[in-house]
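Starting from two chains that each stand alone, build the complex the way the hints lay out.
These protein sequence lines are chains S and U, in that order. Per the working numbering, the first sequence starts with residue 1, numbered consecutively. Per the working numbering, the second sequence starts with residue 1001, numbered consecutively.
Just so you know, the hints here were simulated from the structure itself, not pulled from any lab data. Take the hints with a grain of salt, since some may be wrong.
As the list claims (entries may be wrong) - What follows is a set of in silico ranges between Cβ atoms, one per label pair, in the way DEER data are often shown: (1) Ile1080(U) - Glu134(S): 49 to 59 angstroms; (2) Pro368(S) - Thr1079(U): 53 to 63 angstroms; (3) Asp139(S) - Tyr1014(U): 52 to 62 angstroms; (4) Ala1116(U) - Pro368(S): 31 to 41 angstroms; (5) Lys1213(U) - Lys330(S): 54 to 64 angstroms; (6) Leu1120(U) - Glu134(S): 57 to 67 angstroms; (7) Ala1176(U) - Lys330(S): 28 to 38 angstroms; (8) Ile1025(U) - Lys364(S): 36 to 46 angstroms.
To be verified - Covered stretches of chain S (chain U as the covering partner; in silico rule of three or more C-beta atoms under 8 angstroms from a C-beta of chain U): (9) 31-43; (10) 54-62; (11) 77-85; (12) 247-257; (13) 401-407.
To be verified - Where chain S lies over chain U, by a calculated footprint (3+ residues, C-beta under 8 angstroms): (14) 1147-1156; (15) 1227-1237.
Note that the Cβ used here is the ideal one computed from N, Cα and C, for glycine as well.
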Amino acid sequence: MKRKAIAVWALMLALVMVVSACGGKDSGSGDKVTIKMMHLWPEGSSKAQYELVQGIIDSYEKEHKNVKIVTEILENEQYKNKLKVLSGSNSLPDVGFSWAAGFLEPYVKGNLFAPLDDLLQGDLKDQFVAGTTEAYAVDGKTYSLPVELNIVPIYYNKEIFEKNNLKTPETYDEFLNVIKTLRENGVTPITLGGKDGWTGSFWYMYLVDRLGGSDLLDKAIASNDFSDPKLIEAAKMAQDLVDMNAFNKGFNGLSNDEAKSEFNNEKAAMYAMGTWEVPNFTTNTDVPQEFRDKIGFFRFPTISGGQGTSDTWVGGPGVGLFVAENSKVKDEAKKFVSYFVQQWGEKSVTKAGVIPATKVDTSKIDLPPMFIELLNELGSAKKVTLYADVQMKPVASEEHHKLVQALLGKEVTPEQFAKKTDDTLKAGK
Amino acid sequence: MDRVMSNKWIITLYVLPSIILIMAIIYIPIVLTGYYGLMHWDGVSSMTFAGLENYTTLFKDGVFWDSVKHSFVFALLSTIALAVYLIVAMVLAGNIKGANLFRKIYLLPMLLSSIAIAQLWLKIYHPTSGILNTALVSIGFADPPAWLSDTKYVLGALFVPILWQYAGFYILIYYAALKNIPNTLVEAALIDGATPRQIAFSIKLPLITEVIKVTIVLAVVGSLKYFDLIYVMTGGGPNGASEVMASYMYQKAFRGFDYGYGSAIGFFLLIICLVATWIIRKLTATKESIQYS
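Pulled out of the complex, with its shape left as it was, chain U reads as follows (with noise of 0.2 angstroms):
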């Protein structure tokens, strides 16, 4: 095995599919999305050439700063919300009766397609029959709001289901995670006396930082990309209240024909992607790495 592995060929040979696939269908398009932003493309007739135009257009373009001003309020409650995980899956990792149950409930959401929790959502943000609007008429509001039609409501409205949808998925990690840490150490801060909120935040929490930024990174991410429920659910509407980038850039380019467009602004995304995540790793760096044992 190591004389096979150390023959530079095979390495490469192994290596080869992987590398091309993901050349193929990542890099090449990234590639491509920043050549197309800079033409004037309709999708279907010829392309010509533009310059930095889309993206002088872009800068300009006050619906596009709304989704981005969206998305970063996105990124912000998605990581609001991680403490709120983080303090079940310690609930849920602390040995207390039905902790599987509840693991699997939380779990749920995870396992519906988004287009299935759209559509589930939509009933329930109806403004006549819907089910959150009904029992608001029952419980004494003669006229509760129209969700998903408001300009004001509309935003709120679309982070609950995407926030429910995605619990399940970081209380497992955060589970897992705490799960991991050896017994030994609880156990031996038992003994010396430390109180369950001293173990905790001086021992728990400590131990899984690394697990919490690659969350943070995660999350922040996930939002600002975040497109398939706010698609199906409003389309960006009403009048743009509940645009976020990538559903503004999916309208420009594959609604309104204008790809060249659509390409700067799916750059634009990307890059401002990869600048957050730099930054959250620059503002979570630690000097030490903790070790378990």
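So that you can see chain S by itself, here it is in the shape it has in the complex (with noise of 0.2 angstroms):
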């Protein structure tokens, strides 16, 4: 009787086997072709990339019948930890987005990622603006093919400037004016999310670059070497802008998010963030047109007595597209890459807002005004420094992060801060 049941149950169990490997071999006899997409602009967050991005691959898959695209969408820092723990496993999508230099290392040394030179010196040769591919290269090879170009310029909003009569501070001294005046009149002058580290690298970053020159943080990082007196003095420099109350209270413990929504509820008069959120100052109409119509930027003011000028940026390109190097549809994958590169130049500044790491010519477009000024903008800017955090190492990146909320918060000295960073750069994680 026993011996009966199991013999059922092991046929059974062969059967279904059978079953599911015919099905197998029929979808696989066609050439239908699936490529796994992950990209980080979700439908809530960052609508217009989102249905660029869909867009994109709507046409792609009516160009070509026989690929289907399936895209999995994650917010930011979620699509950071995603891409770590799926590398882990070796089980990278086709297609995803990277960030440059320090970020995308520990992937090219893990063999994860593909190199694209082969369509940088193909469909794509020239497509792009001089020094963005160099981001994601390691050892001569490229990695990613950037997609965005973004600098970081401070918003204001216009009206509360107005009402306090102040105008753009063009040197440090005015700049302290204005969050001198603000304060004085119940205004939050600053909005900063602390929490997240990277907004206070921003500040910081661009004290060194106006105190010392545009190429200090830059030597500093590469020679790991933090002890130059202008890092010391520019540390202390971002200690007084939280002595003077410049930063919306409790900074340290708000995230991006949070500051954000000061600024964008007109709670505070300024906001230094990346150019990824022109869209919401400008096109993007779930934004009241009346908000949309107070703010626009300035350049971070210069330092007198310091090196640096006001033409140099804090910025970088932003995410960049790669092509797992196991990927078993490799090959189309990678034409679907060049297929979106192009496509997204041609679209991303028209209807998502977003600059494109590909040349644009914006004469012939037709773009809000904030828009052409920052365009302009980039066509005269003398630097743009990448983000410290994106130069560093993982390791130290992370700490970075950690040693500027501590040094806004107050925990540290600027010459702890200064050491500890020497350190981490040492220790060469």
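This is the structure in structure tokens:
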């Protein structure tokens, strides 16, 4: 009896396996290709980018009937985490987005990304703004193709400035005066989400840049030497801003999103953030028109006696497309990436308000004035200094976030800040 | 049935699925964690053997020991809080009016997911527009603290929602244990003229000691490995002031790409939990267990 039952079960199991195996074969015999793609623009928070990606995918699928593109969408931080987890099990999506330099390096060292130089020499030759793909190159090979270029202006609320009889500052003294006036009149001058250390890093980077010139930080990170007195002085100036109450109350416990909402609710006058926010101040119809009209931007002011000029920016290429090295559909994925980059360049500024890393002919397209201004600023920019945390290796980058938070929270002195940064850079992780 | 159960092969067959599952998702990862802890590994490229280097770094890592301290403070507080839960449960089990309703009220926070609780308390603690600071300002505090960004307050501010979250769970356990005590015992004590206090401390309490022991272990181990609310609300910041062992491990492994070091922390955390459990069992060991009847 028992033996019979087991035999029946075994037979059933075998049948199920046969049936499912047949099923598998059927779907494989056609030329259907499924490309898995992960991106970081959820419909809720980045609608324009989401629709743009969706549009490109739709038109690609229309042109290539056999290709199906499956997307998985996660918000920025979760996206980064998931990518790390997936890489641990060597199951990255066929196509996805990576950040430049320090973020990319371990993936390249782990043989997870495929080099894309054949695309750069072929379909996409001379399409990119000079100097943008370099940030994704390791040992002379390029592993990601940038789709964004961002700089960090200081956005300000024109209405608040007018009410307080302020004009946009050009020197640091004027800037301090703006902060003082706003505080006296009961307005939060600057909103900052210090819980996300990278937002505080913008302020520190600009202070270093204006004080010590545009190459100081790059050199310090490249040579693992953070002992230059100018770096300490900039840290001191950052703490002076905190002492002046320049930032919103309790900023170190707030995330960037919470800080942004203070600016969007007009509770704070200034906000330094990447140009990925520009659509929210120009084209995004979900944001009230009257608010969008109130927002302008200015360059970080120059410091008298400092070596920096106002035409250098903190910024860098944003995310770039990678193709997974162990992808089963690598060639198809590469074709899609190439198509994506070309489509994106044409549409991203006009539709999503994203400044692409590919060249755009601004004379032909109709754009909101803020974009034209920004593109002009980029055109005349002397240098774009790549974000410090992107330049650093992962452990150092994480430590930098914490240290900036501690610096602005006044839990470390400027000297300790520089010393600890120096230590983590020297540790080489 | 007895004949089936006496067959060793059948027993093996029935036990096998759960053993495989537990091995695959608990014991094998534990062994692997111990192994990774001996490696230099960024999670992406290939591993190199490091010996005990991760552990020696760990013992010298001030931030780690701070996180251990925070975890233990938290474990201590949760254990003390158990006494409060026990009192609440005793009151509820004492057939007071509306006990049923109160039990449900206490249990409600448990039904919320940690992330929802974190978002809720983030709003409560918001430095300018949060309900807590708005209330404080309205009763005359000109400059209430920014709870989550001040290193002095952040740990305390985090404990409140965490204790709140688990209160219902322990109250429910105690309530069930108290309800399980046969009424005859209480009635007999009443007839012998015992006061309510005597009934509580000399009859009910001894009868649920086993349950209390279990809850102490649960509370301590749960606190030592606690992660979710802290991760969402502060991420261990500012400047590591609210870092606990699990959040520090996560930070090192998944944010800093240092899987070797993260694994070492994880393995150490496991050992600490085991030792803590063993010590609690030793401390609370009684010679004889008290029976209901």
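Does the structure break any of the earlier hints, and which numbers would those be?
Of the numbered hints given earlier, those the structure breaks are 6, 7, 8, 9 and 10, listed in rising order.
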